[in-house]
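The lines below spell out each chain.
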Amino acid sequence: MNRSFHKSQTLRFYDCSAVEVKSKFGAEFRRFSLDRHKPGKFEDFYKLVVHTHHISNTDVTIGYADVHGDLLPINNDDNFCKAVSSANPLLRVFIQKREEAEHCSFGAGSLSRRRKALALREDGPRRRAHLHIGLPHDFRPVSSIIDVDILPETHRRVRLYRHGCQKPLGFYIRDGTSVRVAPQGLEKVPGIFISRMVPGGLAESTGLLAVDDEVLEVNGIEVAGKTLDQVTDMMIANSHNLIVTVKPANQRNNVVRGSRVSGSSGRSSDSAASRHSLPAAPALLHLQPDDADSDDEPDVVLEGVLEPRPVPRPPPPPPLGSQARVNGTGPAPGREGPAHRLLSSLRADPRQSLALPLPPGAVEEHGPAVTL
Amino acid sequence: MRRFLRSGHDPARERLKRDLFQFNKTVEHGFPHQPSALGYSLSLRILAIGTRSGAVKLYGAPGVEFMGLHRENNAVVQIHFLPGQCQLVTLLDDNSLHLWSLKVKGGVSELQEDESFTLRGPPGAAPSATQITVVLPHSSRELLYLGTESGNVFVVQLPAFRTLEDRTISSDAVLQRLPEEARHRRVFEMVEALQEHPRDPSQVLIGYSRGLIVVWDLHGCRVLCHFLSSQQLENVCWQRDGHLIVSCHSDGSYGQWPVSSDSHPAEPLRNCVPYGPFPCKAITKISWLTTKQGLPFTIFQGGMPRASYGDRHCISVVHDGQQTAFDFTSRVIDFTVLTEADPAAAFDDPYALVVLAEEELVVIDLRTAGWPPVQPPYLASLHCSAITCSHHVSNIPLKLWERLVTAGSQQHTHFSTMEWPIDGGTSLAPAPPQRDLLLTGHEDGTVRFWDASGVCLRLLYKLSTVRVFLTDTDPSDNLNAQGEDEWPPLRKVGSFDPYSDDPRLGIQKIFLCKYSGYLAVAGTAGQVLVLELNDEEAEHAVEQVEADLLQDQEGYRWKGHERLCARPGPVHFEPGFQPFVLVQCQPPAVVTSLALHSEWRLVAFGTSHGFGLFDHQQRQQVFVKCTLHPSDQLALEGPLSRVKSLKKSLRQSFRRIRRSRVSSRKRRPAGPPGEVQEGGARAERTGLQNMELAPVQRKIEARSAEDSFTGFVRTLYFADTYLRDSSRHCPSLWAGTNGGTVYAFALRVPPAERRMDEPVRAEQAKEIQLMHRAPVVGILVLDGHSVPLPEPLEVAHDLSKSPDMQGSHQLLVVSEEQFKVFTLPKVSAKLKLKLTALEGSRVRRVSVAHFSSCRAEDYGEHHLAVLTNLGDVQVVSLPLLKPQVRYSCIRREDVSGIASCVFTKYGQGFYLISPSEFERFSLSTKWLVEPRCLVDLTKSHSRPRNGSGPEKALGRARNSGSQSDGEERRPGPVMEHALLNDERVLKEIQSTLEGDRGGVSRS
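Chains as they are written, first to last, in full-length UniProt numbering: chain A, 1 to 372; chain B, 1 to 1003.
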């Protein structure tokens, strides 16, 4: 249920340094202004808003309407700054009680919500009766396309998040032969292919893997020269956080970089870098086993008759990196369209500088403790 | 792999690694699989055995062993030593001849192939014209006479295998020189026998299959005499003085022919059918041997009455009115009689009969009345009953060793006291550094104790657990007992007995404490026996206890086999290990893990349902714990018996396939390793292409708690460590399951003085669920210095430093997929190595081993020796879990080989390369057990019997295996992939069923 937003009709006065803010909570409006160039901190803004509305005791979420009319959240300094600077001329702010906000949603995906998205909620009622996109923290990532920037365009690195998901991973692999370009010409080499999808399984529902896709790597380890059984064991060993690099059988849905001008949020400056079709090998640097180590869930230790507790772990570093998240609820996105658009919107964030390697723990995942 | 590379940056560490680790396949123990030919050199006193896979193995005095491998993987059909030389000629079933010699190289000599040769006929001739049937090495040492299917005898000159065409003795030439009345075309056909005159090198005897025997003068090219038998000829033997010829025939008869120079067809002196009058099977080989006493020995193979004993494999010995038909449990390949070696001696004076049967080698003492067998020091039939498990104990205290040897010697009284008659060469190998025991559990409920210290794997003692139980067959009634005047006079010899009375008796787990002499064995029907070494025979009742592992789980029905019925009342036991407690698990599922702590007098056992702890001092159960997941219906119902039969049939078919494969590709001669690898890859590639016809697919699915057999207890471990808090350590029991769960129990064992008064108490202290849920195959506690805790009683015997109890202990949990170190007492993950995620291989066996440096005398490190499901052996460092070295050891398709592997405490290991052979390998630079030997060249034939002079040539036995493993891994393109279909299933079942045999065995 997206709220409809109307373009601001009037332009009462124009001050180049001040931004007019129209803040709405329920049926009430408050108006105030902010300095366009020095908007201040989000925290102060939040205090100001709740003070102005006299709702200091209520937990609220703040959103604003961007130039396209999408409802976007304001929950940190960055998006607050963005909201203020992009206000043209009026900044329309919408305030909701947090519990109400759960039934409502922001208009489009935004990278600025990533932190929240990854902080999984373990409980709380979810109502999915309506087909709408809810708050990110209601979701748990089930799959993503990663490392788009460093892989050749013909390849796709897919991450399946199994944990907390009751769905089976749900695919089969087989032996086969693949054709490679060798110095002597074309050469037939043995390869591993996806042979079957289990209907209703995680792999099928993400739409990112398909029958006859060739498996090139499993969690950063090349499968060339390995037997079907070895690859099976590797996949099962990594099943809690499986990252497979495939060469899709259907190459038409590949992410094409740098060839199209992005519609909404504008292309980032990295398009030049991503145009280089890097070979798959350097990608390994980003997925060193040590880094991947931090990604499994802790083992559960029961002390005597105590309740299960997860083994304490250091807090994860803030997630960074070029990840696209595809949420599992709602209709599965196709290979193009939403997923693609998401990807391009992600790039808008300046922090997605592709020169930065993935820091350790980039593939951090939080899962609910598995009870025995 | 990246991790692998990263760990290898430090050059000092790299150097140290070279001093510590080295991979060698050192020696094969046991009896060659599928022997196909026997050869013996009277002068060298060396025995040669050829196999269907093209291997030639030479055995002399204990420790003198050689192995050679034909480039072709064809069966060896015949082996002939060249008279008075260190050379032998082999004939393969592809009709090729190969000349081998023992050559000195760098202080040790090697068995190597010099030449090979295939006899070619004139163009257009039928292949049978040159198909060799008999080989006669002439005493001139440079000629080989080759009898063929066409009836022609070809002559080739050695060592170059030059065909001397002018010397060929064609059947036409023989025919022309026969007197008129004997010239029937039909008497010819193939040459069945070729013998040189014992005294006159210019005469040879040629026997043709249709019954004609001629004595041929090589110089005069004429027939000196001829004999015509009415029966198909099988073989002939020339009496030592040359005056008598003995022939044996397809109707079970043999005849004696006097050799005279007149050209009249001689009449047989005597013609008899020893097991007549009813039709008999052929006598395929006969030996007629003279003695000083006058009466000859007649030794022949076969000839049994067709109807009633046609299925027996017999060799009969007749001498001085005595006749015995030695009855073998497997097919007789060949036999030879050890006689006076000096050709000038007047009599044969046979002293031993050597029989090569399909599954064992039997030597009979012909000088002692009653012809008792001689106990072989090597070539043991490991598989006399199928091996079901094995356990290795290093460094046995002398006291225990002596008691075992004494107990064993009382079991070997039926053997002859004769010294081992095959004693050529001298072993140069240094004395074994320590006494090692290899224990094998067998399907028939026996445990065999082998001396595994040196090159010769020798049976020390055999323990049978059968007496404890009531079985269908009473051991007292001997099926083979026969009256005085039974005919034929059969006598069963040999130990190979593949038939098991009751498969439930099978031994699955063994645990021996070398300090206390306590032994625990556990079997297929959930039986756990605790035994104690007693030097006296005894009669006592065995205490029986039932352990109900299901506890309060209700409503389940075990559909597997019944538990074994224990024999009530006192049972008589021989000196040796005598059981005093029998714990029977309920349901009687196969025991999958076992641990014994001799200091605390506790034994822990686990099955697919749970595990239990038993106090064998007070003889009462301490606790049982059910590990079943409620949804694991399969395990509850006892599918093991069903899977077992499936496994059995799978294994049989596997064996059948493997057999055919073994013959074609078991071993290949050495070549440049790189080249071999490439060839292998190419073969694999073609194999993959072949396989596309029938694509195999694998499901990718995470393990879940609901999987079957998650409760299966894979490993049990006792440790004195900080389980609850860091101030007090206490005895603890650890158990790991197939579902990735580790249970830890704190134990309270009363002090020694009140040991009988207070009960042992146990309380569950921890339960760890590994999130990856892979089967836990090993648990180990490292002390404050990161050294594995010592074995029980080791410290008490001053054989080990006391563990460091000051620093914090660490727990190492090895699952099939990961190695993980946790802190104790608070279990938090500290380190891990994700093997499967990196390499796609899974841990099959893991064991702590101590690696000593070959340079620094007292330097050594403790590490983990690991065998993966791909057949690689690896060393993983402790406590940092860095992979050190990796070698390919076993073919990945060789599931039974991988399942049978055991590691020793000092970096060696054993695995089965066939049902009857252990391959010994070493990861250590310091502990290598391999044959180094000398073989007599010069004074060989004048050497006194059983003597071993110091004047020898050097001989080095087989090459170290490192260069041959490339060949072993060479895949056969087609069979390999045909197998892939079943392999995984089989592997799963195998691993599930057999659990881990070694675990982190602290053996």
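I should point out that these hints are in silico values taken from the structure, not numbers from a laboratory.
Every value quoted in this text rests on a predicted model; they were computed, and no experiment measured them.
Where a beta carbon is used, it is the ideal one built from N, C-alpha and C, also for glycine.
Be careful, since some hints might not be right.
[As the list claims (entries may be wrong)] Result set (SDA-like, lysine to any residue): computed pairs, CA atoms no more than 25 Å apart in a straight line: (1) K462/B with E303/A; (2) K188/A with Q697/B; (3) K247/A with K699/B; (4) K699/B with V211/A; (5) K882/B with E222/A; (6) K699/B with K24/A; (7) K832/B with K24/A; (8) K699/B with E303/A; (9) K103/B with T168/B; (10) K462/B with K559/B; (11) K188/A with E543/B; (12) K47/A with T154/A; (13) K801/B with S877/B; (14) K167/A with D707/B; (15) K281/B with Y309/B; (16) K832/B with E222/A; (17) K830/B with A210/A; (18) K167/A with Y309/B; (19) K699/B with A210/A; (20) K830/B with V211/A; (21) K559/B with S500/B; (22) K699/B with G200/A; (23) K830/B with S726/B; (24) K625/B with E303/A; (25) K167/A with S726/B; (26) K699/B with R92/A; (27) K832/B with S239/A; (28) K801/B with S727/B; (29) K882/B with S239/A; (30) K699/B with E187/A.
[Said to hold, decoys possible] What follows is a set of in silico ranges between Cβ atoms, one per label pair, in the way DEER data are often shown: (31) S330/B with P183/A: 49 to 59 Å; (32) L186/A with E115/B: 25 to 35 Å; (33) P498/B with P199/A: 27 to 37 Å; (34) S888/B with P199/A: 52 to 62 Å; (35) P199/A with G807/B: 52 to 62 Å.
Check: Quick check: which numbered hints come out false for this structure?
Finding: Going through the list in order, the structure violates hints 1, 6, 7, 8, 9, 10, 11, 12, 17, 18, 20, 25, 26, 30, 32, 33 and 34 and respects the others.
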